Structures are given as C-alpha cells and as structure tokens.
Amino acid sequence: MHKTLLAGAVIAMFSGQAAAQSWVLTDTQGTEKGDWRIDSRQLKLSGEPFTLEQQVLHGGKQEGSKVLTLTSKNGLTIALSPTRGMDLLHVNGHGVRLGWDSPVDEVVNPAYINLESRNGLGWLEGFNEMMVRCGFEWTGHPVTKDGRIYTLHGKAGNTPASKVEVIVDDQAPHEIRIRGLLKENTFKKARLETWTELRYVPGADSFTLHDVLTNQADYPHDYEIIYHSNFSTPILEENARFLAPVKSVSPFNDYAKKGLENWQTYGAPTKDFDEMVFNLQPIADSNGKTVAAVVNSKGDKGAAIEFDTRQLPVLTMWKNTDTLKQGYVTGIEPGTNYAYPVTIEKEQGRVKQLQPGQSAEFTLTYSLLKDASAVQKVEERIKTLQGETKINVEQTPIAVE
Amino acid sequence: MHKTLLAGAVIAMFSGQAAAQSWVLTDTQGTEKGDWRIDSRQLKLSGEPFTLEQQVLHGGKQEGSKVLTLTSKNGLTIALSPTRGMDLLHVNGHGVRLGWDSPVDEVVNPAYINLESRNGLGWLEGFNEMMVRCGFEWTGHPVTKDGRIYTLHGKAGNTPASKVEVIVDDQAPHEIRIRGLLKENTFKKARLETWTELRYVPGADSFTLHDVLTNQADYPHDYEIIYHSNFSTPILEENARFLAPVKSVSPFNDYAKKGLENWQTYGAPTKDFDEMVFNLQPIADSNGKTVAAVVNSKGDKGAAIEFDTRQLPVLTMWKNTDTLKQGYVTGIEPGTNYAYPVTIEKEQGRVKQLQPGQSAEFTLTYSLLKDASAVQKVEERIKTLQGETKINVEQTPIAVE
Amino acid sequence: MHKTLLAGAVIAMFSGQAAAQSWVLTDTQGTEKGDWRIDSRQLKLSGEPFTLEQQVLHGGKQEGSKVLTLTSKNGLTIALSPTRGMDLLHVNGHGVRLGWDSPVDEVVNPAYINLESRNGLGWLEGFNEMMVRCGFEWTGHPVTKDGRIYTLHGKAGNTPASKVEVIVDDQAPHEIRIRGLLKENTFKKARLETWTELRYVPGADSFTLHDVLTNQADYPHDYEIIYHSNFSTPILEENARFLAPVKSVSPFNDYAKKGLENWQTYGAPTKDFDEMVFNLQPIADSNGKTVAAVVNSKGDKGAAIEFDTRQLPVLTMWKNTDTLKQGYVTGIEPGTNYAYPVTIEKEQGRVKQLQPGQSAEFTLTYSLLKDASAVQKVEERIKTLQGETKINVEQTPIAVE
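Residue numbers (the working numbering), protein chains in the order written: chain D, 143 to 543; chain U, 143 to 543; chain W, 143 to 543.
I should point out that these hints are in silico values taken from the structure, not numbers from a laboratory. Just so you know, these numbers come straight off a predicted model, no measurement behind them. Wrong hints could be hidden among the right ones.
The list treats identical chains as interchangeable, and a pair is accepted whether it falls inside one copy or across any two copies.
To be verified - In silico BS3-like cross-links for lysine-lysine, where the CA-CA straight-line distance does not exceed 25 Å: (1) Lys519 - Lys331; (2) Lys532 - Lys512; (3) Lys331 - Lys305; (4) Lys488 - Lys331; (5) Lys305 - Lys330; (6) Lys413 - Lys331; (7) Lys440 - Lys512; (8) Lys440 - Lys494; (9) Lys330 - Lys400; (10) Lys330 - Lys399; (11) Lys467 - Lys331; (12) Lys525 - Lys413; (13) Lys400 - Lys532; (14) Lys467 - Lys305; (15) Lys175 - Lys330; (16) Lys532 - Lys519; (17) Lys389 - Lys400; (18) Lys488 - Lys440; (19) Lys467 - Lys330; (20) Lys389 - Lys512; (21) Lys331 - Lys399.
Could you build all of it, start to finish, from the sequences and the hints given here?
Here it is as structure tokens:
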C-alpha cells in the first residue's frame, strides 16, 4: 500500500508495522530529479543526523553523471552513482577512506564509453569505483568467441539505473535504503533485471548491499557476478594484510606464482609490480557466511566484507600494489566466478544459470574498521572460521587465458 | 514564402491556396524545444480535436530521448521518437494497439547504443518500435567485410533527427504533418539525407509515411531500406492471419522451410519458436500499389500497410511468435531488399543506387483495422490483387548467410 | 595567487605585474556554464572590442555540444568546441574564412561517435574542423594489432574538455586566453593530460595555440600528435599554392606519386580526385621555427601556420581537392609524425615518448593573410628559409600501409 503524504515526493509505506517515507529520484515512467537533497532535520527525525544529496556532474566525460551521497555525521559518508550502475564511488568515516585513486578521476557517463574498445578493455576508461558490479550477462577478462567480444567485466557497472528510490524508515534508527534498478535487456539476448539495494543505519560503521537479480525472460540465462571491491590508502600500505578464511589459494597466472609466498601481505607502492591475482576458496560458517578483510600494517584501520558463499562461492584477491599514480589498490572480490574469461569459467563449470522468472540474491555487508578493536574482532572471526584447516597453496593456475 | 504570425513558433506557409501553421521543434541551426504541447482548441481549430505533445524522457538508457505524441480523440494516438530516427513507437485507436512489447522497454538514446557490439547486433539493445527504418547506407543482417562490420539494419533508426517540424493545415480537416530530417553523413563515406514525413488527418484510422531520401554527395551511393513494421496483441494471436497478394514466397533459411506449409497463419505464443522469416514478391496494381496486412483470428482487428512496389519491390514477413516475454511479434517489412546481409543483397542485385543529387521517395499508408468491415475491405482488395495468380511456394532459400 | 573580485566568476591573477580576470566555464569539480557571454564593454575594457560567447547546441548528433566563440570586430572570429577537444571549428576575418565545408555539418557530440566503427574510421563521422588535434595516445591511419584497433587519428579530438577557462588580461591590448584540459586517462593504459591554450589579442590577424601535454603516469608513454589544420574556399581554389620551406617531399602512397610534379599547386574542385598526401621535411630557422601556408591564386588571401620543428619535426600536406560537396579542402598538418598507422611510425622511429611527469609543449601561430602584402611577407620568409636548399623530390613512398 502506498499513500502520498506530501505533494511530490513523500510516501508512507506500511508493511506490517513498518512505515517509511520514500522518494523516487529516477523513474523511466516519468520522474526525474536532478540536483536534490533531504536531511534528517528537515524530515524532523531524531537520532543520528543524516543528509542525502544528489548532484548532476558536468565537464569532461562525466557530463550528466549523477552522484548520490549519503552523509552521516558520526558514521559514514557513502557516494554512489546511479548513472554508473549504482556503483559505490567511495566511503569515508572516522578518517578512514574506503576506495582508491584511479588515473580515471571522473565519474564517466557510459555514453562516453565504448566497452568494446581496446579489444574489449573499454571498461578501464571508467574504472575508479570502490565497488563496481562486474556482471551480470558475463564477467571476467575479455574474450572473443564466434566474432563477438565478451568485454571486460560485463555491462552492469556501465548501465544507468532505470529506477532510483530512497526509503527512510519512520522508526528509529531510521534505516535508509537506496534502491536502483539495472536492466540488461536486449531483444533475443537477455532480460536480466537487478534491483540493487544499499541499506544503512545512520551512525553505523557498516552498510549492506542486497541485490536481487531476476531472469525476466522465458528461457534460462547464464549469469556471472563479481563484486569488485577496491581499497587503497590509508588502509593499504606496506605490510598491510589480507585476511580471509580459505581452503585454498591458487595463482591466477604465471606472474602471480611469484607472489604466492607472501600473498597475504602487501608491499608499498612498487614500480613495475603491476598486478597479481589470487583465486581463493573461502571457508564459511554453517550459514554459509564468511568474511574477508584488508587491514593496515598497525592493525588499527581496515575494511571488511561479509558475504554468503551460497550466493558467492569464490573469492578473488587482486593485488595491484603498483605506484600511487597508477592506482595503488587491492581488490577483494566475492563472486560466482573467478576473473577468467566467460569461456573458461563456463568450461570449468562456474557459470550459474537462472531459470525463467528465477531470482538470485546477493547480500554483502561492508564494514569500515576504524580502530584496533574493530580490526581485532574481524581477525578473530576469521581465525575461528579458519580453525584447523590448512590453506592448500596450489602452485599451478587452474586455467590459462 | 514564410511569415511569422506569432512570436517564436507559429508560421504561415502559403503554397498556392494551401496555408498552414508550423512549429520547429528541433533545428541544428538554433531551435530546440524540450517539453512542448499544442492542441486544436488552443489553435482555435474546429473539427476533430487533437493534441501534439513532446516529452523528454529520463532514466536508464532513455536519458534525453524525445517522444512526440499526436493524439486524436476519435482517431489514433501516434507516438514517435525524434531521438530514434523518427521511429514510430506505437499507435493506438479504437482499443487496438499497433506495436508490440519488446524486452527492451525504454526508448533508448542512441548515445547508449554501440551498433557494432555483439558482433554487429547492438541494434537489438534498442529495438522495440512499431516501425523502425532499417537503412539507408545498408540494412539486413550483419556481416563483416574487409574488417568492417555492416551492423544489423543500419544506422537510420538510431540517428537523432537534425530537424523536426510540425505543420498543421489551416483548412479542415487540418491535416497534420510531422517532419524529421535524418542525416547519414560521414566524410568520404556517405551523404544520405532523409526527410521523413508522417501525415495524419485527425479522426482518421490511417496515416501516411512519405520519406524522401536524397544522395547529397557528388558520387553515386548505394542504399537499402526496409520499413520494419511490427505488430503483436491484440491483433497477433493464435490463428491470426497474414494477408498479401504475392507471386512467390520463399523461406529465408532452412529453419523457415519447416514453416512453409502454414506460413500465412500465426500460432499462439510458442516457446522455442524463435523466428521464421519469409521472402515475398508482392503483386501490385497497375499503379504499383499493393497492400499487406495482419488480422486477428476473428477477423475484426488488424493492421494494413499499403505501399508502392516501384519504390519497395519486395516484402519480408517476420514471424516471431515466441513467448510474450520474448517479444511475441510479427513484422511486415516492405523494402528495397530482403534481410540478408548487404553483401548478399548486392551480389543478388537488389541493392539500389542513387546518383548525385538524386532522390528516392517512399510512401506507405498504415491503417488500423478497427472492425470486421475494415478487415473485410482490405481482404477483398488483396483477393482482387491476387486474382488468378497462384503463389509460387519455393522450397529453397535464395541465399545462405 | 588567486583573489575573488566578484561573486561567481571574476578572479584577478597577479604574476609579477600581470593581472587578469578569468572565468571558469567548465570544471569537473563543480562549475558548469551553459550559455554564457561576456564582452569588452561590460568589462569596461578599452581598445579593440571583443565578445566571448558560449552556446550549447541541440538537434541531431550535436545534442549537448558546446561552442565557444571569440568575436573581435576588427580582427578575427574564432569558434571552438570544448565538447570536441577544444577543436577549432572555423575562423573568420576580413572576408576570409579559415575552415572548410565537410559533409558532416553538425558539431557532433562524441557520445554519438564510435571511433572503432567502420573498421577504425568512426572519426570521419565528426570530422569538419578547421583544426583538430590528432593524438595523443596515437594518431594516423587505423590499424589493428593484437586484436586491438588503433582508430583513425586517436581520441583527443573527440574528448570533451574537463576544464575550460577564459582569461582576459587587465592590461591593454587585453590578450585573451582560452584554456581547456583534455584527459586521456585509462586505468593501466594512459594518463596523458593536455592543457590546450589559444591566445588572441583582439584586433589581430593571428592567434597562437600553446598546448602542454604531460605524462601523469609513473611509466614512460608514447605519444603522437598531428595538428590537422584544414582550409578551403575562398583561399583554396584553382592555382592556389602551398608554400613551405622543405628539404624533401615524398608521396604518401602510390596514388600521390602521380601528383608529385605539381604537388605545390592546387586544382579546382575535381571529381574523382579524392586525396593526395605528401610527406614533407620542413626547413627551420636557427630557433627551429618554420612556417607553411596556403594562398589563393591571386596571392591576396591565405592562411599560414608558424610552428617549431623541435616540437613538430614533420609536416603533412593533404590535398583533398575533390568536389565542393565532398569537402574540397587542403590540410596543413605539422606533427611529430606522418599519417601512417602507429605501427609503421613506431617502426620507423618517429613515435615520441614522455618520461613520467614529463611535458611536451607545442606552439603554433595561425595567421589569416588578408591581403597581398600579408601573403607576400610570408612568401618572402619562406623563400629565405628555403634559401639555396634544393627540394629533394623522392619518388617512392617511405612506407606501405
């Protein structure tokens, strides 16, 4: 049930006892808000103050790109872009930044990107997010099959959201939900629709992504998804550590073999390092839940991602500790897949499929670890999950591109 | 002669005794109207009331797309998109809809389409029109020749109109003309300009397209055009029929061979049907005129297209009676060509050419058949045109892609 | 040092004794001006009156393109497009036009261009400038290497400027500077940033381009640049002449061999002429400066480009004296390179490289030659530079594509 409370924007939704106000920022059926702003004071909500603000960017290749920023004074500031598939640009709180500095310093409007350029690497002309969804039609490194390029990491991250809405719970602690609908619809080829959702309680140090991918077609459709989550300074630094409970690790390719020995430790920005990628099989608890994290050298800052291995069975760790100007960054990438081309992933049986009308859900909780205590808590949980299991360090890549 | 009557928009044009008001909605030389509206009441015109309204769409990949809608209360409502080559989106009247439901449910701005993607099938990411011009540099299925992709169905349907104007006849019955200029101009490659025109008399059940393609270059230039006209429910249904006077029918490919027996009858939405395509040679009257139609099972609803075989000598019938969600639809496609790749069409001599400065005209009248009487009238005309001519049912495709 | 004088736009800059006002028209960090205008009267500046005006264009494929026009009543009118890489569209003064009439008659927004289309010739769908920067990642004819297309003339000319500012000197003669920042930034591939600058003193018949290209990456990066400068009527005509002091001329390909005999003289618009290209080695003075020009038959109109052979060692002369409708035009193209594909240029050692953080500067002065005296002056300078040096006319192209 929907009931309009105020002209234009505010709607109350009652589902059981829950009541909330909501704002439609974009709707292909009619609504479009450009620059827009609400805040807790104006809404007369008590508790942790927050602001939600949308801006339309201009200049360069970001002409027309929208950025929606959720600011919580004592918690996190989260910036995402509806124009770029609801990707998370960066998150800040307690002096810690989740995100990185890409040479791409604009929020590039997909209208200016040709994903097929550079032999399928056009995605790199817009890549600078803290979290970009790599999917859903396909993901992974580009490959040409039967004359067709499966471009790097798919199209979701460069798909403007067809619908964007913000929902604020009437009841304390006034959870905020930012929802966006991504359509990968092509006649005869795909009808994959994803409702992305970000949930945040003002003042908290964590937020949750809850995405629902539905195959709206009448035929089964393959899908792949990697949550490409990227962190740099001030967390990433010399002797920063990667933490995750894993059964096995294998090098993505020959170059990564050289980094196997200390794969869980990061180096300082290093010229000619380029990137090493490691394929991981995570260990989960009895509910399928696991967590991976990157923490700084001192162990008093970090980022953790909790995810569900029933939804996202594998984990890619991307060590791109090249120089700062090249984009010093590490990726923690829960996925249905590794980053091999879709042809290899298919061959090796990791590509999933949705039946007609079927949905897949993905729930990930991102935490900013603001101090030693927060880091320690995650580290202990990971230790517990690892338990007595020895990490099987495989020396040979499972595939060759 | 042009004379400004009112500031800004209204111009009187006198050509012989004809006088009309006109509005320029888009002109690369200066004018640009976004949201815009006129109606017969405001213009103080008697007779059938009408409204003309332009809207700029937002959200998803339709950001910035314009839709111009002509509404005639007792006749038709016609929606077209200047941003998408003056394509007709859908037409409605008397409870009948001309058009279909594509999985692509946005009016996709060509800025978000890469026609070369998917090995030349990028056009499918925007395809949902009731009528899309497939041409004019080339049309048909994609083919790569000398490293270059001739993309599916050419560029016209994804070319934003450079000039758009609306003209309303001063005299009853106040015929409305909507004109749009499409430029396929590329240095050293093409200078093909098309003035598209839609003519409609408020209250009528028919409208006419009158397009003039001109080769503005100093060299001869090949062209191809298919008027890809698409119909679904409530006309298309089990036992709906395709009607046209034809000399011959041949299957487009091996799969269509299986459908030759009952090629003129449609099935209900059928899983795994995919599409069958039939190449037809229409029979025309002494003036070159012919007509093709699709009518529902009961014979009381339909759509007919009258065209000129001197302009558009061949006819493609596209039977895409797959499930509703996949886009249950049939195409009636008068053209200079069949839908084979341009290389094959060229080889088989169907590709036309324009000399420098030469124009080609295309006139098609679309009728919404609202009742049994309207259907019967078209059916009788087709019967007459067919006369004693027996349909030559060829068993073998004339070409292999 | 920056100091705000007036709210919003006007800033005074003091560097030594120089003071100026400046306006930011575009800045990805926040500022965006659409339609905008200033003039010398409003600024209360004495001397030659001038106007600076920005317009946002609409319609066709120029939707959203910006054009910035500098008008000096007694000097030049210079139009450039921030959306198209600060390219110069056309320059007019004293009844002489620098520029040409391309079949592409819109200022095409790069959002509507796929540079990879037509097997790497997509650039031709937007080409109509008086001066377009061909670079900087690569330039020249397209070539596919390792599955990747190096598209015709690179991306700079189709890169919307990330920052645009206008600076007007406080002191007479109130030199105007129009600056634009182009970013060719792609993760792992390039971090080339170019500050383009156009300097013009109101009333003058010349303007200067001063571009600074910087490799912002931590690795060396190749670059190429050709200043593709194009002239037509009223300068180009039968018996118009190309003037430049050169050591040698060689035909670009076999077709150009046929034109070697009278390579410095132009024909009237000629059907089937297509294009001939000549590679030239310019002779410079002791400071590296040289000049090339095209002058009309009578020798009383022309265009000259002064450039620095230490920055731009080679010169391409493009003779495209086909018919008017095809784009009757000649290109005078100082560059680091000839127009061969980057693979050939690399092989033959003409591709330059920038070390991390290193910059390259390019300074070119364009002059409109308004009368016989202006033409004569340039001709004499060229004669002096040529001196006793005989032109080595090579018969064989130095490379085969």
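Consistency of the hints with the structure:
1. Lys519 - Lys331: neither (46 Å within a copy, 39 Å between copies)
2. Lys532 - Lys512: neither (30 Å within a copy, 75 Å between copies)
3. Lys331 - Lys305: within (22 Å within a copy, 33 Å between copies)
4. Lys488 - Lys331: Cα proximity of Lys488 and Lys331: one copy only (17 Å, versus 29 Å across).
5. Lys305 - Lys330: within (23 Å within a copy, 33 Å between copies)
6. Lys413 - Lys331: This pair counts as between: shortest inter-copy Cα distance 15 Å, intra-copy 43 Å.
7. Lys440 - Lys512: within (12 Å within a copy, 71 Å between copies)
8. Lys440 - Lys494: Close neither inside one copy (40 Å) nor across copies (44 Å); limit 25 Å.
9. Lys330 - Lys400: Only across copies: Lys330 and Lys400 sit 21 Å apart there, 44 Å inside one copy, limit 25 Å.
10. Lys330 - Lys399: The answer is between: 21 Å across copies meets 25 Å, while 42 Å in one copy does not.
11. Lys467 - Lys331: between (39 Å within a copy, 12 Å between copies)
12. Lys525 - Lys413: Cα proximity of Lys525 and Lys413: none, with 33 Å in one copy and 51 Å across.
13. Lys400 - Lys532: within (21 Å within a copy, 60 Å between copies)
14. Lys467 - Lys305: between (35 Å within a copy, 20 Å between copies)
15. Lys175 - Lys330: neither (32 Å within a copy, 35 Å between copies)
16. Lys532 - Lys519: within (21 Å within a copy, 82 Å between copies)
17. Lys389 - Lys400: Answer is within; shortest intra-copy Cα gap is 20 Å, inter-copy 54 Å.
18. Lys488 - Lys440: neither (41 Å within a copy, 48 Å between copies)
19. Lys467 - Lys330: Classified as between; 10 Å across copies, 43 Å inside a copy.
20. Lys389 - Lys512: Neither way: Lys389 and Lys512 sit 28 Å apart in one copy and 68 Å across, limit 25 Å.
21. Lys331 - Lys399: For Lys331 and Lys399, the Cα distance is within 25 Å only across copies (24 Å; inside one copy 38 Å).
When held up to the earlier numbered hints, the structure conflicts with 1, 2, 8, 12, 15, 18, 20 and fits the remainder.
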